[in-house]
Amino acid sequence: MSPGSVAAQPGAYSDIAQLVGEAYWRPQGYRDGSFWEVYGGLAQTIYSKDGGPRGAETMQGALGLRVKPLRDHNLVLAIERRIKIGSLSHNDWLVRAGYSGGFGTDLRVDVPHWNTLNVYVEAGRFLRRKQDYLTFEAQAGRSFRMGDPDARWVLFPHAVLGVDYNSWRTAAGYNGAAGAGIGLGARYWFREDKYHAPRSYLDLSLQHRWRLAGDERGKGWFLRAALVY
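Position 15 of the sequence shown, counted from 1, bears residue number 15 in this note's numbering, the numbering being contiguous throughout.
In case anyone wonders, no lab produced these hints; they're calculated from the structure.
One should not assume that every hint holds.
Label pairs and their calculated CB-CB ranges [unchecked claim]: (1) Gly147 / Gln28: 34 to 42 Å; (2) Pro53 / Glu192: 20 to 28 Å; (3) Leu117 / Lys84: 35 to 43 Å.
No residue lacks a Cβ here, since even glycine has one placed at the ideal position from N, Cα and C.
Based on the sequences and whatever the hints tell you, model everything.
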């Protein structure tokens, strides 16, 4: 996901599935890569192992303002108001900064396969709860276009390293976790026309990570799906 996207609340650590949706508006357009936008979204836990909270009571709303000040670097600064909707959500302010970079993440038609690196890091603080978090993920591998130059499916076998930190300790006394492993991504590009290359994609990713340090949440299976339109 792009830095500063609406995200679910970091909190209890268990096997969970979350559904997140967001919409944004850029009043002045793209501005050659240096822009600002207003955004809003909803996040909800739809599955939680061992009977943890889920459903409508976990629905969290968000409204925010974010800025990408640098044209050539994907640094995003954001301030966001968390809005209580479900009984287990909360009202708070979140300030955060995110950065992503790498190469080979776009669709290529000149070669059938190419090297790919994707790095993402984000840090934030909830002001009322006085809760800090940091998340980092790096993926390195090779992308393979499936078919002729007109094909739009890309497979991405890769190695992955993930690290996260939360100032609220787990019951076992951990603030963070780190894991590394392997994964397979599949991306379908679409929404192109005579004048534009594909502008949207559906992205699916499945990873298995082994714990390197910290809490047990650093290991296991990680499944992710994203639609970027």
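Right, here's what the structure says about each hint:
Restraint check, Gly147 to Gln28: a C-beta distance of roughly 39 Å satisfies the suggested window 34 to 42 Å. As the Cβ distance of Pro53 to Glu192 is approximately 41 Å, the hint placing it in 20 to 28 Å is violated. Distance hint for Leu117 and Lys84: a CB-CB separation of about 39 Å, consistent with the stated range 35 to 43 Å.
The structure fails to meet hint 2 from the earlier list, while all remaining hints are met.
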